[in-house]
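Asker: Those protein sequence lines, which keep their order, are chains A and B.
Numbering-wise (the numbering used here), the first sequence opens with residue 1 and increments by one.
Numbering-wise (the numbering used here), the second sequence opens with residue 1 and increments by one.
These aren't lab readings, by the way, just hints derived from the structure by calculation.
Some hints here could point you the wrong way.
If several chains are the same, the list does not tell them apart, and a pair holds so long as it fits within one copy or across any two.
Below, computed lysine to any residue pairings styled on SDA-like, alpha-carbon distance capped at 25 Å [claimed, not checked]:
hint : residue 1 : residue 2
1    : Lys49     : Lys280
2    : Lys102    : Thr119
3    : Lys28     : Thr237
4    : Lys27     : Val51
5    : Lys280    : Met1
6    : Lys102    : Leu64
7    : Lys102    : His124
Number of protein chains: 2
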Amino acid sequence: MSLFVQKFGGSSLASLENIKSIAQKIKKAKQSGHDIVVVASAMGGETDKLVAMGQQLSAGLPSLREMDVLLSTGEQCAVALLAIALNAAECPAVTLLGSQIKICTDSNHGKAHISDIETDKIWHALHSNKVVVIPGFQGVSDNGDITTLGRGGSDTTAVAIAAVLQADECQIYTDVDGVYTADPRVVPRAELLSEVGLSDMLELSSLGAKVLQIRAVELASKKNVPMRVLSSFGGDTQGTLVCAHSNVNSKKAITGVVTSISEACVTLCGMPNDTQSLAKILHLLSSVNVEVDMLVQNVTRDNMLDISFIVQQENVGLVNSIILPKVAEYGIQALHINEQVAKLSVVGIGLRSNAAVLAKVSAVLGDLKVHAHLTSASEVKVSVIIDENSIEECIKALHSVFELDCVEI
Amino acid sequence: MSLFVQKFGGSSLASLENIKSIAQKIKKAKQSGHDIVVVASAMGGETDKLVAMGQQLSAGLPSLREMDVLLSTGEQCAVALLAIALNAAECPAVTLLGSQIKICTDSNHGKAHISDIETDKIWHALHSNKVVVIPGFQGVSDNGDITTLGRGGSDTTAVAIAAVLQADECQIYTDVDGVYTADPRVVPRAELLSEVGLSDMLELSSLGAKVLQIRAVELASKKNVPMRVLSSFGGDTQGTLVCAHSNVNSKKAITGVVTSISEACVTLCGMPNDTQSLAKILHLLSSVNVEVDMLVQNVTRDNMLDISFIVQQENVGLVNSIILPKVAEYGIQALHINEQVAKLSVVGIGLRSNAAVLAKVSAVLGDLKVHAHLTSASEVKVSVIIDENSIEECIKALHSVFELDCVEI
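I would like the entire structure built from these sequences, with the hints used as guidance.
Answerer: Printed below as a string of structure tokens:
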């Protein structure tokens with residue numbers, strides 16, 4: 001008998017029919033003799049609806065404490081419905097809310113971090129042979145206030161609960177079959193990975209693969225929780241096991257190709273080439289919590305400094321508002337922001353030679369006459385920033401060149 | 001400076017625009033220097049929607065514990081939105097949920113009774129000059145489960161909180177202006193009462209006036225809480241004060257005329273006239289929790305027993321299913337159930353002479369050629385059961401005969 005934590009996302013719970021079907025899936029796992037703890041997100045679309053209501057009542061600046069009271073109703077509603085469906089299907093189930101268990105967090109409303117989870121009530125319910133249904137995304141602060149963990153926080157809740165219960169697997173049910181070598185909607189020959197290493201998964205998530213939330217993968221990595229990505233509606237496939245030590249794909253140079261189009265490329269031209277310029281810019285950005293990626297600096301022939309870096313598109317307004325007032329003071333001759341870019345990354349613990357992978361990537365881009373605006377390489381990944389409209393041809397070509405295309409049957 | 005508990009029902013909170021307008025009303029009261037505790041129901045229609053979802057997932061038999069987890073999200077959502085609107089209107093407000101305060105109840109899911117309310121957190125928030133927003137209808141049981149108080153429970157929450165805080169008034173905001181001598185939609189000349197005694201209000205509520213929940217009036221009466229019924233959207237009218245000692249209307253014979261059409265009249269004919277027949281029937285009905293009203297028995301010329309009584313229409317199926325199998329055993333010769341009846345009551349502490357009031361009622365019905373199926377009289381009311389389609393002409397005639405019609409200006 002194993003203990004599984006099963007997490008179901010909003011798209012798996014979007015209608016009452018879906019909830020009934022998920023209840024049957026859970027019942028089946030329970031009848032196989034396993035202990036089951038379910039973590040559920042809000043029904044699909046519900047959180048967006050609640051956010052919109054809170055924004056509308058407050059000209060976009062709602063009280064953060066009260067937004068958490070509001071948003072947590074989404075998951076509370078979903079777990080109650082799921083528990084009602086389970087009990088009606090004669091699979092005894094009980095809900096335990098974040099404030100009941102307790103899922104202790106800091107008081108950082110809207111993006112709280114879990115500090116501890118009490119397990120007494122969970123064990124007690126499991127011992128009574130019940131399925132325990134826990135709302136994801138929410139917790140309770142020291143002073144008893146409801147908190148939420150931020151978007152995608154349900155994955156994190158599931159991993160954290162799997163960690164404290166030392167569950168055999170944390171199963172993340174989603175609307176995809178598992179983790180692929182590339183987005184199968186873009187690359188039809190992308191291969192479903194039966195296993196992927198946690199470090200690779202961490203890179204894939206941080207680079208834009210939407211299968212798992214990066215905070216959840218980080219936590220799983222830290223706590224050594226085996227995760228499995230499975231399809232909510234796809235029958236009994238095995239999905240992808242995400243585990244600390246994976247040997248699969250070790251013969252291939254890379255694990256997967258990931259793209260993201262949420263970036264913007266910022267270039268500051270013609271600053272004085274002194275030791276302070278870069279620091280001043282970074283200080284400005286960090287003062288408004290803008291994260292910077294793939295930063296490069298370049299000294300021009302006339303001894304001026306050019307700086308380029310990547311920010312998330314949602315931060316472009318903030319970047320403009322913080323840098324523009326300083327243009328004269330800092331001696332910035334031009335500020336360019338290009339939002340029509342995409343980030344293309346090849347990932348793999350197998351990247352034994354950065355240089356060889358980078359050379360291959362460059363050759364593929366060269367063949368396609370695609371210009372790389374920025375390039376970065378680490379031990380486990382190589383990323384390039386290219387024009388957004390070239391992304392599809394590049395990912396297909398790389399997928400093939402790195403021999404990820406699945407063998408046709 | 002006074003302390004007011006203000007309760008807003010679902011129809012007062014049916015849209016975001018309504019919520020904004022209620023927030024302005026609360027802010028105005030707060031700015032007048034009063035301490036304000038708000039009790040809110042779920043947004044109009046929300047509870048019905050949640051009930052339907054729970055029923056649909058469970059073929060009409062949802063887990064009662066989980067239904068309470070589900071239903072309580074309705075009020076939680078409403079208080080969060082109201083607190084967000086208040087804070088956005090620069091009227092500092094904080095929500096305190098049933099499980100946070102705590103509103104302690106028994107474990108009777110779906111119809112729990114409040115046993116105690118802790119006031120520390122409420123006083124602390126009031127002391128910080130904040131409006132406290134509390135969800136009605138919900139509490140928490142000894143073992144930390146969410147409970148609900150049953151339909152209309154928000155009125156009860158408001159009165160209970162007003163009682164423990166010893167508030168100056170418990171103000172119930174509704175979609176009517178206050179308590180009238182009769183339903184103003186039926187009797188255009190019905191008069192708005194500026195004051196009504198608690199005992200009269202108790203009778204009015206129990207006899208079908210929908211303004212206040214009977215449990216709330218009972219509690220107010222027991223705890224001596226002054227209540228005021230006011231309009232949510234009707235400007236600064238004074239509404240109706242419901243208080244222990246009211247002298248208003250003492251010159252009139254009655255306080256008001258109330259009707260209800262949710263009754264059914266049950267008649268059992270031709271039972272043996274022995275000492276056990278009535279007891280057996282009452283025992284049967286009480287075994288399925290059916291409440292009986294206006295029971296009369298009559299011995300026929302051939303020494304048989306006829307019994308008639310009133311039940312709620314919703315219990316007719318239950319009554320049939322429990323009595324029919326016993327027809328032979330108990331020697332019942334006929335079972336008639338008439339659902340096309342209405343209950344018409346005249347109410348008033350001023351009923352100094354039952355007989356005189358009853359005589360007047362009988363005369364009015366006689367003039368209109370309306371037959372009274374059943375009649376009952378107590379110190380504070382006279383009720384008759386008549387055909388449903390006669391109700392409007394009777395109520396108008398009684399309202400006029402008892403001189404309740406307001407004077408035309």
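Asker: How would you classify lysine 102 and histidine 124 at a CA-CA limit of 25 Å: within, between, both, or neither?
Answerer: The answer is both: 14 Å in one copy and 24 Å across copies each meet 25 Å.
Asker: At most 25 Å between alpha carbons: which applies to lysine 102 and threonine 119, within, between, both or neither?
Answerer: Answer is both: 8 Å inside a copy and 23 Å across each meet the 25 Å cutoff.
Asker: At most 25 Å between alpha carbons: which applies to lysine 27 and valine 51, within, between, both or neither?
Answerer: between (33 Å within a copy, 24 Å between copies)
Asker: Using 25 Å as the alpha-carbon threshold, which applies to lysine 280 and methionine 1: within, between, both, or neither?
Answerer: neither (58 Å within a copy, 55 Å between copies)
Asker: One pair to classify: lysine 49 and lysine 280, alpha carbons no more than 25 Å apart. Within, between, both, or neither?
Answerer: neither (40 Å within a copy, 55 Å between copies)
Asker: One pair to classify: lysine 28 and threonine 237, alpha carbons no more than 25 Å apart. Within, between, both, or neither?
Answerer: Intra 14 Å, inter 61 Å, cutoff 25 Å: intra-copy only.
Asker: Quick one: lysine 102 to leucine 64, C-alpha cut-off 25 Å, is that within a copy, between copies, both, or neither?
Answerer: both (21 Å within a copy, 22 Å between copies)
Of the hints listed earlier, those the structure fails to meet are numbers 1, 5, in rising order.
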